[in-house]
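In order, the protein sequences belong to chains A and B. Count the first sequence with numbering that gives the first Met the number 0 and you get residues 0 to 98, in order. Count the second sequence with numbering that gives the first Met the number 0 and you get residues 0 to 174, in order.
The set of hints was computed from the structure by calculation and includes no laboratory data. Please read all numbers here as calculations on a predicted model, not as lab measurements. Errors might be hidden in some of the hints.
Unchecked claim - Just a few of them, taken from the derived set where beta-carbon distance is under 8 Å, the chain A residues facing chain B:
hint, residue
1, L7
2, V29
3, Q57
4, A69
5, G72
Just so it is clear, CB atoms sit at the ideal spot from N, CA and C, and this is done for glycine as well.
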Amino acid sequence: MLAVNFLLLAAVLFSIGVYGVIARRNAVMVLMSIELILNSVNLNLIAFSLMHGVADGQVFALYVIAIAAAEVGVGLAMVLMIYRNRRSIALDELSEMKG
Amino acid sequence: MSAVILAAEGVNVAQNVAFGIIAAFMIFAALSVVSSKNVVHAALWLVIVLAGVAAQYILAAAEFVAVSQVLVYIGAVMVLFLFGIMLTRAQIGKEFGLNNSAWPLGIPVAVVLFGLLAWVILDAYEDDVLPDPGGPTPTEALSDQFLSIYLVPFLALSFVLLAAAIGAIVLARKD
Chain A
0 MLAVNFLLLA AVLFSIGVYG VIARRNAVMV LMSIELILNS VNLNLIAFSL
50 MHGVADGQVF ALYVIAIAAA EVGVGLAMVL MIYRNRRSIA LDELSEMKG
Chain B
0 MSAVILAAEG VNVAQNVAFG IIAAFMIFAA LSVVSSKNVV HAALWLVIVL
50 AGVAAQYILA AAEFVAVSQV LVYIGAVMVL FLFGIMLTRA QIGKEFGLNN
100 SAWPLGIPVA VVLFGLLAWV ILDAYEDDVL PDPGGPTPTE ALSDQFLSIY
150 LVPFLALSFV LLAAAIGAIV LARKD
């Protein structure tokens, strides 16, 4: 299998995730797009691990999975708190810190 | 392009076909995640993407990572997402206003980003063939790494997870 296959698939997923982060207004859907981005990076790490024949890439991928789980937990807790205070999770309405 | 890939030397055709089928499903599901009008459907499309990623890991001989992906992402993170949707939405079905007013701006950004990434990748790794793994990576290899040179980050990671768990409880608690 060519290395380019994996890397191009990861690039496609990354771009779709970036589009989701830019386009979406709902905070939960932005978090889902961030998951797409993290998964594409993991695919790259696994492909490079296979390419060089060492397990380091897989170790990094497991770290990324664990950090992503922590990020989703804290992120959704913040979204819940925003929803409780404002009855809405639309990101463009959160503009108090705008200068 | 696929004909070129299949004709390259040292390439396992069956592996490539499986890769292509799974990749097509994943890309379609990822596009559905970012374009769906229904939040719950988007979460369920995300399950397809995550399962596809796990399948690609198995094709790349990373079995332990694939199993972790299924356990952590499909098992835990998706349940968390569905709970988050349930607790922030009273509405079932299609809804409007899921996108920003400036959402078309995302399309050129994504296309340009993909073009740039694809150019760099094709330039750097055009003919590199992934070696045939000849079986799954032994989990001992991973545990040897985790418990030797990556021990300090591993311990730091456990503190990060503990801090995240406590932080999520403190943030989401009702007072």
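Quick rundown of the hints versus the structure:
Taking 8 Å as the C-beta contact cut-off toward chain B, the hint placing L7(A) at the interface holds, the least distance being around 6 Å. The beta carbon of V29(A) comes no nearer than 10 Å to any beta carbon in chain B, farther than 8 Å, and the hint placing it at the interface is violated. Against a cut-off of 8 Å between C-beta atoms, the interface hint on Q57(A) holds, since the closest Cβ of chain B lies about 5 Å away. Given the 8 Å rule on beta carbons, the hint for A69(A) holds: about 4 Å separates it from the nearest Cβ of chain B.
Annotation: interface hint on G72(A) holds; nearest CB of chain B at approximately 4 Å, less than 8 Å.
Consistency with the previously given hints fails for number 2 only.
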